[in-house]
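Protein chains: 10
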Amino acid sequence: MSQLFAVRMDVALPPDMDPAARADLLAREKAYSQEWQRSGHWKNIWRCVGEYANLSIFEVEDNEQLHQILWGLPLFPYMTMTVTPLAGHPSDVHLG
Amino acid sequence: MSQLFAVRMDVALPPDMDPAARADLLAREKAYSQEWQRSGHWKNIWRCVGEYANLSIFEVEDNEQLHQILWGLPLFPYMTMTVTPLAGHPSDVHLG
Amino acid sequence: MSQLFAVRMDVALPPDMDPAARADLLAREKAYSQEWQRSGHWKNIWRCVGEYANLSIFEVEDNEQLHQILWGLPLFPYMTMTVTPLAGHPSDVHLG
Amino acid sequence: MSQLFAVRMDVALPPDMDPAARADLLAREKAYSQEWQRSGHWKNIWRCVGEYANLSIFEVEDNEQLHQILWGLPLFPYMTMTVTPLAGHPSDVHLG
Amino acid sequence: MSQLFAVRMDVALPPDMDPAARADLLAREKAYSQEWQRSGHWKNIWRCVGEYANLSIFEVEDNEQLHQILWGLPLFPYMTMTVTPLAGHPSDVHLG
Amino acid sequence: MSQLFAVRMDVALPPDMDPAARADLLAREKAYSQEWQRSGHWKNIWRCVGEYANLSIFEVEDNEQLHQILWGLPLFPYMTMTVTPLAGHPSDVHLG
Amino acid sequence: MSQLFAVRMDVALPPDMDPAARADLLAREKAYSQEWQRSGHWKNIWRCVGEYANLSIFEVEDNEQLHQILWGLPLFPYMTMTVTPLAGHPSDVHLG
Amino acid sequence: MSQLFAVRMDVALPPDMDPAARADLLAREKAYSQEWQRSGHWKNIWRCVGEYANLSIFEVEDNEQLHQILWGLPLFPYMTMTVTPLAGHPSDVHLG
Amino acid sequence: MSQLFAVRMDVALPPDMDPAARADLLAREKAYSQEWQRSGHWKNIWRCVGEYANLSIFEVEDNEQLHQILWGLPLFPYMTMTVTPLAGHPSDVHLG
Amino acid sequence: MSQLFAVRMDVALPPDMDPAARADLLAREKAYSQEWQRSGHWKNIWRCVGEYANLSIFEVEDNEQLHQILWGLPLFPYMTMTVTPLAGHPSDVHLG
Chain S
15 MSQLFAVRMD
25 VALPPDMDPA
35 ARADLLAREK
45 AYSQEWQRSG
55 HWKNIWRCVG
65 EYANLSIFEV
75 EDNEQLHQIL
85 WGLPLFPYMT
95 MTVTPLAGHP
105 SDVHLG
Chain Y
15 MSQLFAVRMD
25 VALPPDMDPA
35 ARADLLAREK
45 AYSQEWQRSG
55 HWKNIWRCVG
65 EYANLSIFEV
75 EDNEQLHQIL
85 WGLPLFPYMT
95 MTVTPLAGHP
105 SDVHLG
Chain A
15 MSQLFAVRMD
25 VALPPDMDPA
35 ARADLLAREK
45 AYSQEWQRSG
55 HWKNIWRCVG
65 EYANLSIFEV
75 EDNEQLHQIL
85 WGLPLFPYMT
95 MTVTPLAGHP
105 SDVHLG
Chain B
15 MSQLFAVRMD
25 VALPPDMDPA
35 ARADLLAREK
45 AYSQEWQRSG
55 HWKNIWRCVG
65 EYANLSIFEV
75 EDNEQLHQIL
85 WGLPLFPYMT
95 MTVTPLAGHP
105 SDVHLG
Chain P
15 MSQLFAVRMD
25 VALPPDMDPA
35 ARADLLAREK
45 AYSQEWQRSG
55 HWKNIWRCVG
65 EYANLSIFEV
75 EDNEQLHQIL
85 WGLPLFPYMT
95 MTVTPLAGHP
105 SDVHLG
Chain W
15 MSQLFAVRMD
25 VALPPDMDPA
35 ARADLLAREK
45 AYSQEWQRSG
55 HWKNIWRCVG
65 EYANLSIFEV
75 EDNEQLHQIL
85 WGLPLFPYMT
95 MTVTPLAGHP
105 SDVHLG
Chain X
15 MSQLFAVRMD
25 VALPPDMDPA
35 ARADLLAREK
45 AYSQEWQRSG
55 HWKNIWRCVG
65 EYANLSIFEV
75 EDNEQLHQIL
85 WGLPLFPYMT
95 MTVTPLAGHP
105 SDVHLG
Chain H
15 MSQLFAVRMD
25 VALPPDMDPA
35 ARADLLAREK
45 AYSQEWQRSG
55 HWKNIWRCVG
65 EYANLSIFEV
75 EDNEQLHQIL
85 WGLPLFPYMT
95 MTVTPLAGHP
105 SDVHLG
Chain Z
15 MSQLFAVRMD
25 VALPPDMDPA
35 ARADLLAREK
45 AYSQEWQRSG
55 HWKNIWRCVG
65 EYANLSIFEV
75 EDNEQLHQIL
85 WGLPLFPYMT
95 MTVTPLAGHP
105 SDVHLG
Chain V
15 MSQLFAVRMD
25 VALPPDMDPA
35 ARADLLAREK
45 AYSQEWQRSG
55 HWKNIWRCVG
65 EYANLSIFEV
75 EDNEQLHQIL
85 WGLPLFPYMT
95 MTVTPLAGHP
105 SDVHLG
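Chains as they are written, first to last, in our numbering: chain S, 15 to 110; chain Y, 15 to 110; chain A, 15 to 110; chain B, 15 to 110; chain P, 15 to 110; chain W, 15 to 110; chain X, 15 to 110; chain H, 15 to 110; chain Z, 15 to 110; chain V, 15 to 110.
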């Protein structure tokens, strides 16, 4: 059984962060994100135009798994999350 | 060339609407939505759990086409829209 | 597998509603709520003091089931919902 | 006599906090929370999925006791609190 | 044992309400309020200057009693409530 | 002639403030508050449960006096103020 | 003794109001406003550009008088008020 | 001398408006807008994608003229306005 | 030709600012404000009671001049501005 | 094919930034902005009166290009962006 969630992540990095620390942090974030994308649980990630933010779609076993994925993000301490649980829509042509 | 947009649509129908008028309106909405889904421009539609709202992803030629699709929705006069233009994300495993 | 959600429901009934229609609506709401409480899926319901609102805890199979329960509420057309998905907390004495 | 309250606690720790100081703070927070949970006054604590936040239910003697419990939290200086007093709901199957 | 609460009540009466129905409603509201004031539970009521709103202080047995008092207000269906539970302040000269 | 005002004060002290400086600041705040309470102008001060905030009632000569009292608070640079001017309420049993 | 207040009044008249009733209401509002302007208590009234709103400055005896003036406005049931008590500013060239 | 202003106009027409009255209203709105566009004072008008709203740029003699143009809009009673006064930007390549 | 504007300025100085730097900054702010007051362009300045904020009325040649005055304020980097363009009100007894 | 967008950029520079670093940053911002203005993609830039903010109109190939332009701004880490996609308005005299 799998559950869908939309998550918007807004990032606020301090502008005066050490460049090397920042580069390392972003490299780890990218690797972590891609690992979960390849697992099939992080289905989509899009940039919100003009903002340091993304909109992502997750397909997970349960609430617990979604929380563990998000909590483990290297950028988590710098992020504000908006989590929206999703369900099938009766107008979806792919359903029934 | 195609553009991606996330659109959240919140619906507020008057509770005392005539049931036949309401049923007709919803039937037209569903047909209209499915026509655009089949065209490939309305790529996803999900129900936001517990709310009379959906989150949708559109892939359109340009801003103009997106506006025409949304403006033409039979439920448009009862909807509040939140439109977010999307771009590719550098961590997306499907890019590059 | 079960998922926990907190849901706050704010009710806005028109003050000039027909008293009999209102009484009928509230009776159906109560019966519907109690049926789901007895099923074990609607675990708690509390009144928010001084407000026409409740805070409820649901334990459901998945997002879909939660949506169907909430969407079916007789008072749904008069409600504003705030849905918060929950997970286990590492400080919870009942976990591990 | 006992009173029920829902409390949402949003935590904002500075990302550059000293790791040892942070670990000590979190250990003290966990011990403090578990002590009050074992007393029966802190009835539930759930993680809000994807957020550094929890939703908790307290059963206390009075407003004063709730304030003392919350004020004494080691993480209190880093928390934003939302306190909702609760009462019995007429649809609750466990009430008369 | 008694608990203190501050409650702000914002009133929104439809401007086209029947004058006699309105006068009756306001007379019942005043009588109801004064009965609870005389009981000692509704300790203060002030008008918020320039607004159809009041700020009140209640001293009640428990959350349940406060809810019953507020829920029973003849104007309740037209009110938006903001409830703040209060406790003693360490700087209060009347405390210890 | 005297005027009533409700003032909510939300305090945000930096968590890493020097403990001695903090203790001194809070001692001066308490002394200042109690001096104005004893003068009769600061009629009530209550703790908002679970928050570093208070709700206070002032009875002052005029707007100017209220501003001078608040501006002089040792904690003023760390406070966010919400000021509500009050008047007599027609339902108040103590009025006429 | 006199007190200064800034009051912003936002007006929301129903678009389908009977034209004669509307004209009468606005004529009474204007007469009422001008009477208080001539008394010296309603010192300034400006239109907020592009909005059905005004910003006004009042000089009154006390909070009570301000409330009575505002409460008596023929448009009061259609208005949302924002009241800001004012005091002298230390940089004002007209003060000392 | 001329002044620039950005104005966002959000329109909320009742969904059950009489179709003929609505068509007449919109025709008058269009004629009125185009007359001011041709005068050179209403320099730009764009549709906000997916919303019943526009963003417009005005070049007017003064605040008074802008208010008269906006106040005279046939749709004014159904509009919420956001007015932003503009000035030259030091990075503008067309300035000096 | 002159234009009227209301401007609310909210000030947020860091509490740990160097006292001498702060005193110098405030002295320059006062001198700057009084120079513009004496020019007749900064017509009024009032303290918002209990807040580090002022409400001011400006009479300027045009938007450009208002921006230059505000931008030049020594406290500008610490201020949040709310600018409201004003026009004559049809009920103003001083207008025709 | 080109797309129009309105973008409001609010800037928050730390008041204690090193003056030379600040001057360099602003010089690079100006050069970057003017380069894109000369390309024809950044069609307008206006100062929002009294605020460290601008309102700009962009004409770009697609969402991707807009994001790259904004993301590349030297001031980007200090900016909050509000992006509004635009389409042609049926009342625009310049459209067919």
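If you're looking for bench data, these hints aren't it; they were derived computationally from the structure. Please note that the accuracy of each hint is not assured.
To be verified - In silico DSS-like cross-links for lysine-lysine, where the CA-CA straight-line distance does not exceed 30 Å:
no. : chain 1 : residue 1 : chain 2 : residue 2
1   : P       : LYS57     : W       : LYS44
2   : H       : LYS57     : V       : LYS44
3   : B       : LYS57     : B       : LYS44
4   : X       : LYS44     : Z       : LYS57
5   : P       : LYS44     : W       : LYS44
6   : V       : LYS57     : V       : LYS44
7   : A       : LYS44     : B       : LYS44
8   : W       : LYS44     : W       : LYS57
9   : B       : LYS57     : A       : LYS57
10  : S       : LYS57     : Y       : LYS44
11  : H       : LYS44     : H       : LYS57
12  : Z       : LYS44     : Z       : LYS57
13  : X       : LYS57     : Z       : LYS57
14  : A       : LYS44     : A       : LYS57
15  : H       : LYS44     : V       : LYS57
16  : P       : LYS57     : W       : LYS57
17  : X       : LYS57     : X       : LYS44
18  : Z       : LYS44     : X       : LYS44
19  : B       : LYS57     : A       : LYS44
20  : Y       : LYS57     : S       : LYS44
21  : V       : LYS57     : H       : LYS57
22  : P       : LYS57     : P       : LYS44
23  : Y       : LYS57     : Y       : LYS44
24  : S       : LYS57     : S       : LYS44
25  : S       : LYS44     : Y       : LYS44
Stated by the list, open to error - DEER-style ranges, computed between Cβ atoms:
no. : chain 1 : residue 1 : chain 2 : residue 2 : range
26  : Z       : LEU40     : X       : GLN82     : 50 to 56 Å
27  : Z       : PRO91     : B       : ARG36     : 28 to 34 Å
28  : Y       : ALA37     : H       : ARG52     : 41 to 47 Å
In this text, a Cβ means the ideal position worked out from N, Cα and C, and glycines have one as well.
Hint-by-hint comparison with the structure:
Among the hinted pairs, LYS57/P with LYS44/W is consistent with the structure: their alpha-carbon atoms are about 26 Å apart, no more than 30 Å. A threshold of 30 Å between alpha carbons decides the hint, and for LYS57/H with LYS44/V the separation of about 26 Å falls inside it, so the pair holds. Between LYS57/B and LYS44/B, the direct Cα distance comes to roughly 15 Å. Compliance with the 30 Å bound is thereby established for this hinted pair. The hinted pair formed by LYS44/X and LYS57/Z meets the criterion: a straight-line CA distance of about 26 Å does not exceed 30 Å.
A distance of roughly 39 Å separates the Cα atoms of LYS44/P and LYS44/W; the hinted pair therefore is violated under the 30 Å criterion. A C-alpha spacing of about 15 Å is found between LYS57/V and LYS44/V, which places the hinted pair at or below 30 Å, so the restraint holds. Proximity of LYS44/A to LYS44/B is assessed by CA-CA distance (about 39 Å); at most 30 Å being required, the pair is judged violated. Restraint check for LYS44/W and LYS57/W: satisfied, since their Cα atoms lie roughly 15 Å apart, inside the 30 Å limit.
The straight-line distance between the Cα atoms of LYS57/B and LYS57/A is roughly 14 Å, inside the 30 Å bound, and the hint therefore holds. Between LYS57/S and LYS44/Y, the direct Cα distance comes to roughly 26 Å. Compliance with the 30 Å bound is thereby established for this hinted pair. In summary, the hint linking LYS44/H to LYS57/H is supported, as the alpha carbons are separated by about 15 Å, within the 30 Å threshold. Among the hinted pairs, LYS44/Z with LYS57/Z is consistent with the structure: their alpha-carbon atoms are about 15 Å apart, no more than 30 Å.
For the given pair, LYS57/X sits about 14 Å from LYS57/Z by alpha-carbon distance, which is consistent with the 30 Å threshold. The hinted pair formed by LYS44/A and LYS57/A meets the criterion: a straight-line CA distance of about 15 Å does not exceed 30 Å. Restraint check for LYS44/H and LYS57/V: satisfied, since their Cα atoms lie roughly 26 Å apart, inside the 30 Å limit. Between LYS57/P and LYS57/W, the direct Cα distance comes to roughly 14 Å. Compliance with the 30 Å bound is thereby established for this hinted pair.
For the hint pairing LYS57/X with LYS44/X, the CA-to-CA distance comes to about 15 Å; that is within 30 Å, so the pair holds. As the CA atoms of LYS44/Z and LYS44/X are separated by approximately 39 Å, the hinted pair breaks the 30 Å bound. The hinted pair formed by LYS57/B and LYS44/A meets the criterion: a straight-line CA distance of about 26 Å does not exceed 30 Å. Distance restraint check for LYS57/Y and LYS44/S: the Cα-Cα separation of roughly 26 Å lies within the 30 Å cut-off, and the hinted pair is therefore satisfied.
Our distance criterion of 30 Å between C-alpha atoms is met by LYS57/V and LYS57/H, whose separation comes to about 14 Å. With a C-alpha separation of about 15 Å, the suggested pair LYS57/P and LYS44/P falls inside the 30 Å cut-off, and the hint holds. Using a Cα cut-off of 30 Å, the hinted pair LYS57/Y and LYS44/Y holds, with the two alpha carbons roughly 15 Å apart. Between LYS57/S and LYS44/S the alpha-carbon distance is near 15 Å, which keeps this suggested pair within the 30 Å criterion.
Annotation: proposed proximity of LYS44/S to LYS44/Y is violated, straight-line Cα distance about 39 Å (limit 30 Å). For the hinted restraint 50 to 56 Å between LEU40/Z and GLN82/X, the CB-CB distance of approximately 39 Å leaves it violated. For PRO91/Z paired with ARG36/B, a C-beta distance near 32 Å keeps the hint of 28 to 34 Å intact. One distance hint, 41 to 47 Å for the beta-carbon pair ALA37/Y and ARG52/H, holds here, with the actual separation near 46 Å.
Hint compliance for this structure: hints 5, 7, 18, 25 and 26 are not met, and every other hint is.
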